[in-house]
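A.B. asks: For reference, the chains in residue letters:
Protein chains: 2
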Amino acid sequence: MRKLKRSARLVEMTQYLLARPHTLISLTAFADRYQSAKSSISEDLAIIKEVFEEEGIGQLHTLAGAAGGVKYIPTVRKEAALAVIREICRQLEQPERVLAGGYLYMTDMIGQPAIMSEVGRMFATAFAGREIDVIMTVETKGIPLAYATAMHLNLPVVIVRRDNKVTEGSAVSINYVSGSTKRIQTMSLARRALREQSRVLIIDDFLKAGGTVQGMIDLLAEFDATVAGVGVFVESGEVGAEERLFHDYVSLARLTHVDLKTKQTTVVPGNYFDD
Amino acid sequence: MRKLKRSARLVEMTQYLLARPHTLISLTAFADRYQSAKSSISEDLAIIKEVFEEEGIGQLHTLAGAAGGVKYIPTVRKEAALAVIREICRQLEQPERVLAGGYLYMTDMIGQPAIMSEVGRMFATAFAGREIDVIMTVETKGIPLAYATAMHLNLPVVIVRRDNKVTEGSAVSINYVSGSTKRIQTMSLARRALREQSRVLIIDDFLKAGGTVQGMIDLLAEFDATVAGVGVFVESGEVGAEERLFHDYVSLARLTHVDLKTKQTTVVPGNYFDD
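Keeping their order, the protein sequence lines are chains D and B. Per my numbering, the first sequence starts with residue 10, numbered consecutively. Per my numbering, the second sequence starts with residue 10, numbered consecutively.
Since the hints were derived computationally from the structure, they do not count as laboratory data. Possibly wrong hints are sitting among the right ones.
No distinction is drawn between identical chains; accordingly, a pair holds when it is met within one copy or between any pair of copies.
When the alpha-carbon atoms are kept at most 27 Å apart in a straight line, the in silico DSS-like pairs for lysine-lysine are as follows [said to hold, decoys possible]: (1) K191 x K270; (2) K87 x K12; (3) K58 x K191; (4) K47 x K80; (5) K47 x K270; (6) K191 x K14; (7) K47 x K58; (8) K58 x K14; (9) K272 x K12; (10) K80 x K58.
Work out the full structure: start from the sequences and follow the hints.
C.D. replies: In C-alpha cells, the structure reads:
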C-alpha cells in the first residue's frame, strides 16, 4: 500500500479493523502495511479505540509486548440493544403475524440483513467471553442469525439439515421430538462438518419447549462436541420453565402472550436484558 | 453525539458509512450528527472517498444540491476478486471434495462468513448497476451467499422453501424438474414473502443444468415478479450451453472437469472474470 497521510490512514485502519473482528493484528503488520513507525500506528489506534469505545461501536483490545497487537471486539451497549429490541417487539406484535398454532410470522424480519446484523451483534456481545470454535444452527430460519453472529465473532458456521443431502457425504442422523408438535423428526449433520471436541454455540430463531435445540445438543454428543452456549432470537413465554428441556440460554425477545382469537400478542425483551 | 475532533470524526464517519451501504445520507444529517459545518463534513468525505476509491474498498457517490448527500457503494476490483477466486478454486480442487454423482463438497467453504462476505461483495459489484428490490435464493446452501450479497447491496432476502412450513402462512408451490437428477421436486414461497412486480436478483450456490434456478424464475411469474439477474457461486462446465435452461447469469467459478475415478477436478474462475 502507498504511504498515506494520518487522516487517510485513520480511514483505512478503521475499515481494516472493522472487516476483521476478533482477529489479532500485530503492530508490526500495521507498521508494514502503512509504512509508518509503530509509534504513529499506536497513536492512530488510540484515537480509533477512543471513538469505538465512546460511541459504543466495540472494544479495541491492545496486547503489549513483542507478540503485541490489537483486536477489535464488536459489541453493542445494553441501552442501544434495548432500543433495537423494543422496535423489533413492536413489529412482532402486529396482529397479521399470528399464524395457526400460535406461531409468529417472522420471515420478513429475518429477511432484513441490517436487522440480522444488529441481532448478531447482540449475540456476539453476549457470548464474546466464551471459548467457542464454531456456531451451529438448524435450517432454515436460524441460518441468517447464525451467520450474522459468526460474522461478528469471526467463527465458522455449521448448518444441521432436516434431511440428508447427497452433496454432503456421510452424515450422522438423530431423531428428536419436536416439543411443540410432539412428532418425531430427523436432523443430520455431515460427518466432516464438525471436528470432534469442538465447543459449539447454538443459535436458533424460535424456542418453544426446546426440542430442536435439545436435538442439536444430542447431535453434538455424537461428535464428542460440547455446548458453549445457546442463543435464541425469540422464546415463547407460554412454555413453563418446568416443561423446558434446558435452562441455560440467552433470548433476545420473549413472546409472553398470544390470543389466537383476537390475534393480540405481547412481545417483550428477552432474558439478555435481565439484570 | 458529542462533538468530535476531525481525526475522531473520520473514524466515526468511516464506520457509519461502512455500516450503511447503498444508503443516501444527507450532508445535513452528517452535519447534525457531528455538530459540524457542512464544509468540514465535505472535506472529511473527500478524504474518505479518496481512500475508499484508491484502496479498492468501494465508491462514495456524492449527490450535489439541496437533496444532496453521499452513498457508499461497496465494490471489489477485478484483480483483487480474481486473487480470492483463484484461492477458492485451488481449495475446491482438493480431491477429498469429490462426492458421489460428481458433486463437490463446498459446505465448509460456505460456512466461513469471511469468505462469504468477499463473495457477496463480488456479486454486489457485478449487480450494483441493476434495479433490484429483493434477493431470492432457495434453501439451504444458497442462503449464506444471498445474505452476504444482500448485506452489501442493502436489500432484503426471500428464501424459497423446499417444503411448505406451518410458520409461513399461505404459500405458492410449484413443481420443477431438477436438471441433474431429472426428478420432479417442489418449491414454495409464502404469499406474503414477495410483493407483486418485484425485481428479483436470484443467487444460488451451484448451477448444473439450471432446473432449480428455472424453478425460481417460474415461481417469480406466479408473483408477477421479474428477474433482475442471476448469480451463481460455482457453475458446472460439464453441462453444454445447449442443455442449459437459461443463459444470462454471472458465475464466479466454473467446475470444468471431474474425474470420479481419480477424484481430480479442475475449477477455474467463472464468467464474471471474462473480458
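A.B. asks: What label fits K272 with K12 when the C-alpha limit is 27 Å: within, between, both, or neither?
C.D. replies: neither (61 Å within a copy, 46 Å between copies)
A.B. asks: Tell me, please, which holds for K87 and K12 at an alpha-carbon limit of 27 Å: within, between, both or neither?
C.D. replies: between (39 Å within a copy, 23 Å between copies)
A.B. asks: With identical chains, the pair K191 and K14 could be close in the same copy or across copies; at 27 Å between alpha carbons, which is it: within, between, both, or neither?
C.D. replies: Neither. Shortest intra-copy (64 Å) and inter-copy (60 Å) distances fail the 27 Å Cα cut-off.
A.B. asks: Go through the copies and call it for K47 and K270: within, between, both or neither, with a Cα cutoff of 27 Å.
C.D. replies: Classified as neither; 66 Å inside a copy, 54 Å across copies.
A.B. asks: Given a CA cutoff of 27 Å, do K80 and K58 count as a within-copy pair, a between-copy pair, both, or neither?
C.D. replies: both (10 Å within a copy, 26 Å between copies)
A.B. asks: Go through the copies and call it for K58 and K191: within, between, both or neither, with a Cα cutoff of 27 Å.
C.D. replies: Classified as neither: same-chain Cα gap 51 Å, cross-chain 57 Å, threshold 27 Å.
A.B. asks: Classify it for me, K58 with K14: is the Cα-Cα distance of at most 27 Å met within a copy, between copies, both or neither?
C.D. replies: both (19 Å within a copy, 14 Å between copies)
A.B. asks: When Cα atoms must be at most 27 Å apart, do K47 and K58 count as within-copy, between-copy, both, or neither?
C.D. replies: both (16 Å within a copy, 26 Å between copies)
A.B. asks: When no copy is specified for K47 and K80, does a C-alpha distance of 27 Å or less occur within a copy, between copies, both, or neither?
C.D. replies: within (16 Å within a copy, 33 Å between copies)
A.B. asks: For K191 vs K270, is the C-alpha pair at or below 27 Å within one copy, between two copies, both, or neither?
C.D. replies: within (23 Å within a copy, 45 Å between copies)
Hint compliance for this structure: hints 3, 5, 6 and 9 are broken, all remaining hints hold.
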